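*Asks:* Take a look at the letters that make up each chain.
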Amino acid sequence: MASKVLHAIFTDDDILMQAVKALREKKHSIDEVFCPFPVHGLDKAMGLPHTRLAITSFLYGLVGLSVATWMMNFIMIEDWPQNIGGKPSFSYLENMPAFVPIMFEMTVFFAAHLMVITFYMRSKLWPFKEAENPDVRTTDDKFLMEISVNENNVQAIAEVLHENGASEIKLIDNK
Amino acid sequence: MYTMSNKIKLFSLILIIIGAIGLVVSFINAPSSVEEVKEMLHAESASHGGESVAMVGDDHASEDAHADEHAEHVYHQLHNKPWAALYVPALFIFLISLGVFVFYALQNAAQAGWSPVLFRVMEGIASYLVPGGILVYLLLVLSSLHLNHLFVWMDPEVVAHDEIIQNKTAYLNTPFFLIRAAIYIIGWVLFSKLIIKNSRKMDEGFDLSLHKRNFKLSAGFLVFFIVTESMMSWDWIMSIDTHWFSTLFGWFVLASILVSAVTTIALVTIYLKGKGYLEYVNNSHIHDLAKFMMGFSIFWAYLWFSQFLLIWYSNIPEEVTYYAARLQDYPVLFFGTVILNWALPMLILINSDFKRINWIVVFAGIIILVGNYLNFFVMIMPGTVGESWSIGIPEISSILLISGIFIFTVFNALAKAPLTVKHSAFLEESKQYHY
Chain A
1 MASKVLHAIF TDDDILMQAV KALREKKHSI DEVFCPFPVH GLDKAMGLPH
51 TRLAITSFLY GLVGLSVATW MMNFIMIEDW PQNIGGKPSF SYLENMPAFV
101 PIMFEMTVFF AAHLMVITFY MRSKLWPFKE AENPDVRTTD DKFLMEISVN
151 ENNVQAIAEV LHENGASEIK LIDNK
Chain B
1 MYTMSNKIKL FSLILIIIGA IGLVVSFINA PSSVEEVKEM LHAESASHGG
51 ESVAMVGDDH ASEDAHADEH AEHVYHQLHN KPWAALYVPA LFIFLISLGV
101 FVFYALQNAA QAGWSPVLFR VMEGIASYLV PGGILVYLLL VLSSLHLNHL
151 FVWMDPEVVA HDEIIQNKTA YLNTPFFLIR AAIYIIGWVL FSKLIIKNSR
201 KMDEGFDLSL HKRNFKLSAG FLVFFIVTES MMSWDWIMSI DTHWFSTLFG
251 WFVLASILVS AVTTIALVTI YLKGKGYLEY VNNSHIHDLA KFMMGFSIFW
301 AYLWFSQFLL IWYSNIPEEV TYYAARLQDY PVLFFGTVIL NWALPMLILI
351 NSDFKRINWI VVFAGIIILV GNYLNFFVMI MPGTVGESWS IGIPEISSIL
401 LISGIFIFTV FNALAKAPLT VKHSAFLEES KQYHY
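Going down the list, the sequences are from chains A and B.
Counting from 1, one number per residue, gives the positions in the first sequence under the UniProt record's numbering.
Counting from 1, one number per residue, gives the positions in the second sequence under the UniProt record's numbering.
Hints were generated in silico from the structure; no laboratory data involved.
Keep in mind that a hint or two might mislead.
Said to hold, decoys possible - Distance condition first, Cα-Cα at most 25 angstroms in a straight line; then the derived SDA-like pairs of lysine to any residue:
#, chain 1, residue 1, chain 2, residue 2
1, A, K21, B, W114
2, A, K44, B, N282
3, A, K87, B, L309
4, A, K26, B, Q432
5, A, K87, B, L310
Since this is a predicted model, take the numbers as computed values, not measurements.
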């Protein structure tokens with residue numbers, strides 16, 4: 001029974017956290033947890049490596065800032081200089097304050113959108129993708145923990161789950 | 001229980017003594033008459049060489065009159081200089097302690113769970129409200145007695161020839177000004193005394209009615225504060241450039257106050273933690289303070305730029321003179337504050353892990369405090385000393401004097417009560433706080 005998994009259902013995020021901590025304490029590794037909403041601190045409790053999404057977001061922000069700078073220089077200085085409010089557009093630096101709101105907005109726009117797209121790609125989410133969560137109730141109000149098991153530890157893990165408030169425990173053949 | 005170490009007592013006393021000596025020297029060195037300034041300017045232009053030779057034109061009489069006018073102008077600036085040098089840190093550090101108390105009241109009003117282990121630190125810093133308030137009020141009274149010309153609208157001769165100020169005298173007149181200042185300071189001190197007294201009483205045992213009373217008092221204080229803070233910033237800072245006004249000035253000053261206040265809380269907390277006190281404070285608390293430092297830095301930059309952009313773009317003479325004076329005479333400081341108060345703190349503190357490392361938070365904190373002192377400097381100096389500014393003996397010794405008084409008061413107050421509150425509705429949550 002090498003490729004079998006345990007599916008444990010929880011009804012409360014605090015109880016789920018407690019079970020995750022209990023399992024980790026006993027050195028059992030958890031494959032995946034499916035939640036109806038993000039649970040604060042769950043990634044840390046599961047021992048997942050720290051997300052690098054923030055770093056990509058910072059870099060995307062820099063890209064946005066550069067694009068905005070280039071864009072405003074092209075539009076307002078090079079391609080079609082206009083005299084707005086008695087401020088002729090001959091030099092980027094002299095007109096820079098007027099472009100700051102655009103530079104700011106483009107930074108935010110790039111950082112936010114590209115970060116979301118990165119997140120989707122990293123989580124392997126795209127249109128018409130078939131849902132991976134094994135139980136539809138995890139889209140409503142239940143939490144599901146998936147743990148791969150073998151003959152030696154299945155009993156021990158199931159006991160820990162039971163002690164820590166799992167409302168259902170199922171043994172399933174892995175696909 | 002914390003006891004003030006002899007080292008810090010000595011340190012603050014040395015600061016006070018050096019500062020006081022420097023300040024007395026700079027008051028003595030300030031020119032006492034227009035003649036003295038004329039001689040000084042003469043010596044200066046002589047040392048510059050040919051400059052004055054080129055100025056010798058055909059119309060000698062008007063030339064002389066102009067030189068006289070200029071000498072008087074410079075005399076007023078140099079006469080103001082030590083006063084303004086003292087006024088900037090006196091106001092800045094007083095407003096830091098006010099900002100700390102505001103932050104404390106915010107924790108109470110928001111029923112925050114992370115911060116109760118830091119309450120005593122905030123209460124300690126807020127204790128400077130009394131000496132700081134007295135000092136600022138004293139300076140305002142001395143200004144109104146015409147010992148200096150920090151507030152040009154206080155001079156009846158100036159007002160007699162200035163229609164714009166005449167239209168403002170219903171609000172900007174000396175008695176009303178002093179009454180308002182008294183109301184602000186007494187109001188802030190009273191609220192702080194009441195709320196801190198309740199917090200100390202809570203050490204004897206948890207009392208829900210005290211908790212509720214402090215919640216209501218804090219909420220009331222915040223309402224009182226946001227109105228008085230805005231008016232305070234018009235009165236004590238904006239009225240220096242009497243003709244000019246900005247509708248977001250109160251917010252701009254508030255941003256500066258808040259970021260310096262949170263930074264001061266972080267610095268004092270890290271200091272005490274380094275001495276082995278505050279056993280319940282962990283790096284998650286420091287992380288939160290650093291988040292506020294970074295957030296308020298960006299808030300400051302947002303308001304700085306909002307104020308600048310509109311005035312720069314519309315380019316209306318009566319508004320833009322405010323920035324013209326700063327760009328002409330204070331270009332390095334003017335743009336330097338943006339680097340010190342926004343660019344550096346943001347880039348240093350943007351990394352989540354860095355916000356948990358004490359020395360990085362201290363490093364960013366020192367940058368923020370220096371930057372915000374310079375922010376007050378750039379707000380106050382152009383209208384009082386103009387192009388005669390410098391950062392020399394009067395400025396540095398005033399900073400030493402005031403920060404000496406501040407450090408002595410704060411650490412003295414910290415020693416008066418246990419450094420962690422004994423009972424608070426959210427104390428347990430704060431002790432367990434981990435992010």
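*Asks:* Hint numbers the structure violates, sorted upward?
*Replies:* Hint check: nothing fails, all pass.
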